[in-house]
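There are 2 protein chains.
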Amino acid sequence: MKSVITVELPQQSYEITIAPGAVDDLGSWMNRLCLGQKVLVVSNPMIFRHYGQRLMDTLTEAGFEVNSCILPAGERYKTPMSLQKIYDAALVQRLERSSTLVALGGGVIGDMTGFAAATWLRGIAVVQVPTSLLAMVDAAIGGKTGVNHPHGKNLIGAFHQPRLVVIDPQVLKTLPAREFRAGMAEVIKYGVIWDAALFAQLESSPRLDQRRYVRESLLQEILTRSCEAKAHVVSQDEKESGLRAILNYGHTIGHAVESLTGYRGVNHGEAVGIGMVAAGAIAVEMQLWSQGDHQRQLALIQKARLPTQLPPGLDRGEIVAALQTDKKVAAGRVRFVLPTQIGTATVTDQVGSALIHKVLATLQ
Amino acid sequence: MKSVITVELPQQSYEITIAPGAVDDLGSWMNRLCLGQKVLVVSNPMIFRHYGQRLMDTLTEAGFEVNSCILPAGERYKTPMSLQKIYDAALVQRLERSSTLVALGGGVIGDMTGFAAATWLRGIAVVQVPTSLLAMVDAAIGGKTGVNHPHGKNLIGAFHQPRLVVIDPQVLKTLPAREFRAGMAEVIKYGVIWDAALFAQLESSPRLDQRRYVRESLLQEILTRSCEAKAHVVSQDEKESGLRAILNYGHTIGHAVESLTGYRGVNHGEAVGIGMVAAGAIAVEMQLWSQGDHQRQLALIQKARLPTQLPPGLDRGEIVAALQTDKKVAAGRVRFVLPTQIGTATVTDQVGSALIHKVLATLQ
Ligand SMILES: NC(=O)c1ccc[n+]([C@@H]2O[C@H](COP(=O)([O-])OP(=O)(O)OC[C@H]3O[C@@H](n4cnc5c(N)ncnc54)[C@H](O)[C@@H]3O)[C@@H](O)[C@H]2O)c1
Ligand SMILES: NC(=O)c1ccc[n+]([C@@H]2O[C@H](COP(=O)([O-])OP(=O)(O)OC[C@H]3O[C@@H](n4cnc5c(N)ncnc54)[C@H](O)[C@@H]3O)[C@@H](O)[C@H]2O)c1
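Protein chains in written order, with our numbering: chain A, 1 to 364; chain B, 365 to 728.
Since the hints were made in silico from the structure, they are not lab data. We put the beta carbon where it would ideally sit given N, CA and C, even for glycine. Among these hints, one or two may not hold up.
Partial list, computed: chain B residues near chain A (C-beta under 8 Å) [stated by the list, open to error]:
#1 TYR441
#2 GLN448
#3 ALA482
#4 THR483
#5 ARG486
#6 GLY521
#7 LEU719
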């Protein structure tokens, strides 16, 4: 089983390879790209313990001069401070313009490493080796990179496309179940906004809440279709001037929930799950989509055992206020992505605060 | 007197306007660009005291909602920490994707503000209002932005083109003479590598060391020709994959000298002056250019009262070692820009350490 998807871009296209065991082949994939000799692998302690040596081995065998930079795990370390540690490692290894950073980890490692690559010597190559489901289907593709500001997620960042994305579904075996479910939220998102057939496949699976309950062939299919959706949207709208905004489905309220719980109580995918339920309910209220489709979405989110209610203690007023600082604000109005039927969505800034309040009340 | 030069770029071209009194017209220039309402002006205390109010007034009159962020002056504050202060101000003002940063200052303010704009919300607009001669003819044009790492200049950065550059020669009246001379180093650079007519004009001026000894019409001419040179090179090679490298003339050894004196003893332009003398001497040794042209260059650098010798106490071995960490290293070999005749230069990585040592000895 192997899928190769191309992200077509005017400047430099790149491939996403999805294949069991791919971690051991990274060296030869990278050799084809004519990169410089120096490679710095960025990861966190747990992930590096599992897969670091295999990655270092394949890169060394392929002739690269490899070092590693291990950062503490967790969203709360996605900061300018961690970035500084990558810069320091880059300086010690004397990375050159032709050198490459390899991100081995989830979206946190991927986003930070991508941003470090975007800004070291005004831009060096980055290769993404995503290890969480969320990073595989979303964060590792499309070139959005960044770190958090104490008062807002991803406020500091840059667009910087990877030169290669290598996905090894086998590494998901060690991914905690809760993280698997979080990634499933993004997979469901693609079903709702882009790919009705993917949505139906997800409906056909008896369970979606843990890696081991999902057949290997279905997993390969889920990864491939999700990456195709993301690659397609990114190809058409690299810098998010239009179409790409639909990928923010579930993220408007999701981000607010995440930031108000201090990036702790609720993880990213869970917040997106809640955000999709909220956006779905808003769309129903605005008569943009049917109650029936909304129920199908709700059922899928529940099958992934993702939360569909706001975490206790979170104030609705606070959420509405937090939406104002979100990057997706245009001229003071909050922009929402709303589904219109399974497989299609639209973007609007016509959602009033009163409606948001009303819908959030039903999620408490 | 007014000159308008266009920097032609595939993505987004922009104009450089050079006109006495231009500071008071910034609002109307910016209005033509259809930018968002929010503007954050970044400057330092001294410069803002001189020109800040006029800038705030023209922007307010033009209908913008303007705030300011004042950072401490000096190269040693060109750090991730100062960047953080711009980010904080951006957050307080709730800058949106359509908002604009305006850099009012020398190259330090310009580089930091440009980098903050490159990375806030993954990129917002920046307008450069350079106030030092060096920033007018060099730093403000071309989209190189960044901050320093404790162990190397500009190691952290991004390419991010301004939307507009507005140059008011009158602000040079308050520029300290030493800073004027530093900028003159870059002007001489354009004469040597690009524009023999500019070089001849500089030779025709009785003095070049202070603003008040340079006729207004010659100053306008110097600014225009220098900006044209930079704009031309940048248009042909935005990301420095080839031609643009010639702009680093004098900068290879210059950067090493600057960094080894802790960015204090010698300023940027002075370091470039020394670097040009060194590069010229290397070119003579390699029989790439004539002793006669080398002497003409030396005379011009001396007329600008720029140093032509290494600062006392600086070790040659240290300089050669420092060259290795420079961004311009390719596969371990140091790249030099060398003049071939007045108005033309070439790039080479064929300069051995022994020759560098030998030439540096003559500068001590
Ligand atoms: N750049 C983008 O386009 C984009 C898109 C979506 C999300 N993101 C970002 O991604 C981040 C979330 O990503 P995430 O959910 O992967 O979080 P994460 O990177 O924190 O990973 C989640 C947890 O799983 C662990 N983990 C990951 N892979 C593992 C494996 N194979 N085995 C064992 N443990 C493993 C990690 O150590 C971590 O503790 C957020 O910061 C978000 O902003 C970015
Ligand atoms: N981005 C680029 O392409 C590029 C090119 C060359 C240099 N640079 C960078 O530019 C920086 C050097 O720029 P600089 O020489 O302008 O230094 P600077 O910004 O520190 O300015 C020099 C001094 O002059 C003062 N000053 C500036 N304008 C003044 C005015 N009109 N009146 C009174 N005082 C004034 C400043 O406060 C400062 O003290 C370096 O950091 C260098 O790396 C960048």
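To see whether the hints hold, each was checked on the structure:
1. TYR441: It is violated, given that the least Cβ distance between TYR441 (chain B) and chain A is near 16 Å, above 8 Å.
2. GLN448: 7 Å, holds
3. ALA482: 6 Å, holds
4. THR483: 5 Å, holds
5. ARG486: Constraint on ARG486 (chain B) satisfied, holds at 5 Å.
6. GLY521: 5 Å, holds
7. LEU719: 22 Å, violated
Of the numbered hints listed earlier, those contradicted by the structure are 1, 7.
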